[in-house]
Amino acid sequence: DAKTTQPPSMDCAEGRAANLPCNHSTISGNEYVYWYRQIHSQGPQYIIHGLKNNETNEMASLIITEDRKSSTLILPHATLRDTAVYYCIGPGGYGGSQGNLIFGKGTKLSVKP
Amino acid sequence: GAGVSQSPRYKVAKRGQDVALRCDPISGHVSLFWYQQALGQGPEFLTYFQNEAQLDKSGLPSDRFFAERPEGSVSTLKIQRTQQEDSAVYLCASSLRPGGLRTEAFFGQGTRLTVV
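So the sequences go chain by chain: Y and E. Letter 75 of the first sequence, counting from 1, is numbered 75 in the working numbering, and no numbers are missing. Letter 53 of the second sequence, counting from 1, is numbered 1053 in the working numbering, and no numbers are missing.
Any given hint could turn out to be false.
[Unchecked claim] A few chain Y residues that face chain E, going by a derived Cβ cut-off under 10 Å, partial list only:
1) 49
2) 85
3) 103
4) 104
[Said to hold, decoys possible] In silico lysine-lysine, DSBU-like type, Cα no more than 35 Å apart, as pairs:
5) Y/108 x E/1057
6) E/1078 x Y/108
7) E/1057 x E/1011
8) Y/3 x E/1078
9) Y/3 x E/1057
10) Y/105 x E/1057
11) E/1078 x E/1014
12) Y/105 x E/1078
13) Y/69 x Y/108
If you are wondering where the hints come from, they were derived from the structure by calculation, not from laboratory data. Glycine is no exception: its CB is placed at the ideal position from the N, C-alpha and C atoms.
When you get a sec, could you build the whole thing from the sequences and use the hints?
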C-alpha cells in the first residue's frame, strides 16, 4: 500500500480555499510527492508534484513541510467542479519495476454551494 | 486526438464471454499502463508497456487477462471467459517518458465492464 495518509473526506464551501492534507512520514530525500484527482466517471487527472520546494501551477499549489513528512494541496478558490477524489502519492506509492502509481483511497472533497 | 482514448466506453458481457478493450494513447508516448478500478476503490495497476514491450504484468489477476501493444501505440486488454468479479472500470494511461509514471500521466475515461 502507498505509505501516505489522507482523511477520507472533506467539505469546502464554494469560492473558499480547499486545503487537502497528506502525511508521508517515511519519505526519503529524492522521492517526489504527486497529486492526482478523479472526478466522477472520469479517469484520474494529474494536478501537481513536488520534491521539497513549494510548487504552484494553474490548478493548485503544493506546500511541502520543511521536514517533508507532510504536504498540503491547496485549491485557492474551489468551485463545484472541483468535487472529486484527491489522491496523494508519495513514498511507497510506486510499485513494480517501472514505478506504476499506487493510488490508495484518497480524500473525497465535496464543494458545496 | 489530444488525449487518451478508450473504447468502448461501456461494455456488457455475459459470463463466460471474451471481451477486448482498446486504448489509443497520446501519440509519441512511450509508456502505457492499464489499471482496474472497482466501485468505490482507487485504481489498481494491471500491466505496463514501454513501447511494444510488456515490462510488467504483475498486476494481472489471472491468466484470463492478456494485454498487447504490438506496434508500440494502440493497446488492447483482453479478458477471456469473463466472470462477475471482472466487473470494473478499466483505465488506460500514457506518459511521454519511459521508466514508469514518475511524471505526468494522462488517463483515458475508462471502459466500464459489466459482466452479467
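(request) Any hints from earlier that this structure breaks? Give me their numbers in increasing order, please. (result) none
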